[in-house]
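Chain by chain, the residues run as shown.
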Amino acid sequence: MRHVFLALIMLFGATLAASAQTLQPIIQSHVEEIASPSRNSVGVALDDLVASGLPQVTDFLEQWVEKNVWQSGDGTFFIAAETDNVLTLTDIDTGEQRTAPAEGFTQLKPNGGVRRVIGTALVQFQLSDPDLTRRETAVASIARRPEAAQMAPLLASIDGETDAALKTRKIQLANLLSARFAQTPTDRIAAIDSLATDTSVEVRAVLNQILSTSSGVALSEPDSNTAAIIDPFLEPDVSYATLVEAGLAPARQTAAEIKGALEANIVDGRIGGLPLVQMDNPDARVAAYGALAADGKVPELITESARDAALSSHLFFELYDEPNPDITQAAENALASVETRVAAAQTVDLTLDALSLASIFFLAAIGLAITFGVMGVINMAHGEFIMMGAYTGYVVQLFIPNYTVSILVALPLAFAVTFAAGVVMERLVIRRLYHRPLETLLATFGISIALQQIAKNVFGTQARPLTSPDWLAGAWIVNDVIQISFIRIAIFVMALIFLALIIYILKRTRLGLEVRAVTQNPGMASSMGINPNRINMMTFGLGSGIAGIAGVAIGLYAKVTSEMGSDYIVQSFMTVVVGGVGNVWGTLAGAAMIGFGQKGIEWLNPSNTLAAQTYMILFVILFIQFRPKGIVALKGRAAGD
Amino acid sequence: MERSFFAKNPSALWFLLGLSLFTIVVTILSEASGTALISTSFLKTLGKTLCLCLVAIAMDVVWGYCGILSLGHFAFFGIGGYAIGMWLMYARTAEIVVTSLENATLPPTPDEITNAIGGQIFGVVGSSDFPVIWAFSHSLTLQLLAVVLVPGLLALVFGWLAFRSRVTGVYLSILTQAMTLALSLYFFQNDTGLRGNNGLSGLQNIPGLEAQSQATVSLWLFWASAVALGAGYVLFAWIVSGKLGSVIRAIRDNEARVRFLGYHVEGYKLFVFTITAIVAGIAGALYYPQAGIINPAEIAPIASIYLAVWVAIGGRGRLYGAVIGAAVVSLMSSWFTGGGAPDINLGFYVINWTDWWLVLLGLTFVAVTLFFPKGIGGLFDLLQKRKGDAP
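Protein sequence lines, in the order shown, are assigned to chains L and H. Residues in the first sequence are numbered consecutively from 2, following our numbering. Residues in the second sequence are numbered consecutively from 5, following our numbering.
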């Protein structure tokens, strides 16, 4: 594609060349600078080449940078490709090709500095190149390494830009460049002001660059652009180091230096007249050092009070590297405005994160809310059902390589597998333990231990991937601050669907009616012709099946391991208990509270997610003190117990 | 006339006799006595098992007698271990540091020594400063107090909060499990000052006892564990017999009725919860010097669950049941997972017990819960019944 395109240019160039001049003579007029260029001298040649306005110039410069330009013995330049000592020569102006042996030709090898200069000159051509991708590449390269020289060509290329997105980008970039490099302060301030509404990392970087400071120290305040006066006693040692660096004070001896000096001056088991055995006392060490200093053997010890005196007799300040206070003021204002916007965006981002976490907790807990909340059965193997669902997804992917299809197959299959497991468990174990809730808890623990170990034996200890389809791979990016991956959105949507589905099943179907009847009064329900055994079995299966589907969803964004269930079980129980047992809305409220709470704590202490979990659990323990029945407490007789 | 304690608790007498006999036999067979029929590492295993038995009877009292299924007692056990571990590690490191600084040109200042110890201990988590919680680590007495006070206070505060708001049954279990999870997450963090997931190590080197061989030290620790177990057994036997024991059991069977009879149920529960937590802490403090290392994985929620498993298999509601359960299951665990059990070749699949032991344990546990709620201890009832039927 590119070659066709180059050929087109050349053709175009050739027709033009017929009327206008050719490139070779211009090159020949700078043969010295081009054949052996240096960073300083090449500019002259480039200026002339650029000034010629010839279409061949772009290609020539590109090939030059790529080291594809060769000079023949008679001084003519060619674009050439070498294979086995044979050169395929292309005439710079006509595009005519011929081959020649490489002997007698010299390859031009511009060094890195020269190539950068050429690259900058090239930018102006690339910025107006008819090919969109080349223009984008040029813009991206400017963004990577912004330089003052690129400003003019960039500004010039904006008007002719046909692609709307790229034009916006160019304007943004031009603003960034003008903010730093524009000629007059007014232009710079105008550009800086225009950045105030942009929250991108780039803009913040540029503003921070304009506001970059260096610390200084003097006896009185300097009349340059001061950013801040620093209280040296906030960090006295750091400030003193500045003082030492500025040559305004002698360096303080470090503990190791003092120790070294003492060790070097041991005379007959005494240092400065003090016996060596006393040296385990820091005061004695100071005294000995003082004695040595009095003898002139070591420099005077700078004590803390001497340091403080030096600090208070000097003025410490931060100076802007930018001398113009108007510009730094404008940048400060712009940065403040940007940061307010960033903070707002971060709040939105945090809320989205919290929503996503809440929906994960909700998915993990909703099955439990049914078995525990509605049936009053503690299922400690619930986490293992989540794990079974995730492994089902993994196994399905082994057989169906298409990720979209495999996920669509895995979801119902995971439901089926865990539904069956739940029904089996209910029939074999839980049915015998109704009315003995503590023992249900223990028995399901046993099952949980066994299931976990079986999974470990079958699938090994290493994490198994559950790959999401490509269309879920990316992230929804609003701006540089707000972005959320599609998987998390999918999990959120899934949580909503489940909520609707469960509410529907419980409130609108025959099964739901019977479940509620059995929950409220099994005796009465069975005398109305409902088989409580069947209903319990179905309910338990339903709760387990949902755990299986949750497992597939969780597996998509976390790794699938045999221990993944235990990561969720305590959180899930907390979600159900905090929300209020026996109520799906309660679970939703509980998940929201734990999700938002955890993200909130994480925000206060961003480095430490473990701490966030710890404090969230403590918070939940305390919360239960005040609302033992959870957020959404059942009222009246149904609250029972 | 008031009957004597042992007359009311014949099992305590039998237990003490058995324990003494066991201790004497193990001592005679140990390496320290010269016969060396029991290796030091196995001696340590036996000593550790005694500590596990001690925490198991604590668990039995709180669960089997008082009906509180606590899933946090192994966390108290771990805290006890950490409390003693801090002293062991500090004192041991201090000895090493002081020895290494002896040959320095200048005698070291206290600051230098502290910094060197800090660097040794906290180097693994990239720090050399002593965290606040290590403030008493130089003193054995204070750390021994911490062994008792930290689990005790934690249990007291947690229990007070939980019982006051009438959190009972499975809710309480889940709440204690949450507490355990929070604790283990806390210990896992590098910046809480307990060396994160590295835990504390080198605890088998008891400062001040370097002159003794590991065989002797292990035997002493074994004796200490045996004494602690005996004392703990008697203490708990005393608590669960008599009037106090009746009230505690009544709370298990019908809390509301006991409350209506005018008893201050929360107070009793709090007492049982706290005292068992303290005993768990003491057991941990004896266990980890024999284990040599403690890390946060030890106090993960699953450990407390295993504790409940031991007690359930041994037979809850009887102290010797807990001892039997803890001893049998923990020794079998190390036998199976240590590769002691022969593989079973089914022709199409070889059952390797290191992999399948937990499956067996889990399923056994389910079976015990379903079919033998009295556990192994229930067998004694059968024996007694048969004896009673005979004449």
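Please keep in mind that the hints were generated in silico from the structure rather than gathered at the bench. Since the structure is predicted, the reported quantities are computational estimates derived from the model, not experimental observations. Here a beta-carbon is modelled for each residue, glycine too, at the ideal position from N, C-alpha and C. Please note that a few of the clues may not be correct.
[Claimed, not checked] So, partial list: chain L residues that the calculated Cβ filter (under 10 Å) puts toward chain H:
1) N112
2) M152
3) A153
4) L220
5) N325
6) V425
7) L434
8) I450
9) R517
10) N609
Going through the hints against the structure:
1. Interface restraint check for N112 of chain L: the shortest CB-CB distance to chain H comes to about 43 Å, outside 10 Å, so the restraint is violated.
2. With its C-beta approaching chain H no nearer than about 45 Å, M152 of chain L sits outside the 10 Å limit, and its interface hint is violated.
3. For A153 of chain L, the shortest C-beta to C-beta distance to chain H is roughly 50 Å, which exceeds 10 Å, and the interface hint is violated.
4. The interface hint given for L220 of chain L is broken, as the beta carbon of that residue sits about 35 Å from the closest beta carbon of chain H, more than 10 Å.
5. Given the 10 Å rule on beta carbons, the hint for N325 of chain L is violated: about 43 Å separates it from the nearest Cβ of chain H.
6. The criterion of a C-beta within 10 Å of any C-beta in chain H is not met by V425 of chain L, whose closest approach is roughly 13 Å, and the hint is violated.
7. Of the supplied interface hints, the one on L434 of chain L holds, with its beta-carbon coming within about 7 Å of a beta-carbon of chain H, less than 10 Å.
8. Look at I450 of chain L: its Cβ gets to within about 4 Å of chain H, closer than 10 Å, so that hint holds up.
9. This hint is violated: R517 of chain L has a C-beta 21 Å from the nearest C-beta of chain H, more than the 10 Å allowed.
10. A cut of 10 Å between beta carbons decides the hint on N609 of chain L: the least distance to chain H is about 7 Å, and the hint holds.
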